[in-house]
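In this text, residue positions in the sequence shown follow my numbering: the first is 147, and each later residue adds one.
It is worth saying that the hints were derived from the structure and are not from the lab.
Incorrect hints may appear among the rest.
Claimed, not checked - Per label pair, the in silico range of CB-to-CB distance: (1) Leu267 to Ala162: 24 to 32 Å; (2) Ile279 to Pro246: 21 to 29 Å; (3) Ile230 to Thr268: 23 to 31 Å.
Note that the structure is a prediction, hence the values are computed from the model and not measured.
Yeah, the Cβ is synthetic: ideal placement off N, Cα and C, and Gly gets one too.
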Amino acid sequence: MNLITALAISIGALAAVATYLCLGTTFGLQVWALFIGWGSFYHTGGETAGLTKSATNHAWGVVVAAITLFVVGTVGGSVLVTSIIVGLSVVGLVLGAHLPALATIPAAVYGYASTAAFCLLTGVALGDIGAVIKAAAIVLVSLVIGNLFGLVSQKIAGVMAKPA
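Could you put together the complete structure from these sequences and hints?
Put into structure tokens, the structure is as follows:
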């Protein structure tokens, strides 16, 4: 079987499992974040190195976003003040790439954006650090589980694509 067909079957079957894990359990995992993590795994090159780069940078993005959201919720203020806070936080997010472990900027942005989206769209009380941390943890776990689904799907497809 060719690799694309093997990937389609592997990813499709595991997508059903991932969706059930998110929607059919009480874990609170977010299916959209899981799929972002899954795509990020492949985007960063796959294999163990891609998993490590993706997960590490997701975590960095989630942490920067959580801190930013808390600061915005605590400081309050106008759209201008919020915009400046967000802009400065993104400068910090990208400057993290000076460290080799944080050099996969797109994966960091996925973590940052996913955290901001989840918190803002679900009405998390941004001034409540506990609520922000809980929301950020849900996003990070969902992203990393998505990275793991990527690795598993790649391994299964590799076995399926090998000639008999």
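Going through the hints against the structure:
Judged by the Cβ atoms, the range 24 to 32 Å given for Leu267 and Ala162 holds: they are separated by roughly 25 Å. Distance hint for Ile279 and Pro246: a CB-CB separation of about 27 Å, consistent with the stated range 21 to 29 Å. A beta carbon spacing of about 25 Å between Ile230 and Thr268 agrees with the range 23 to 31 Å that was offered as a hint.
Comparing the model with each earlier hint shows no violations; every hint is respected.
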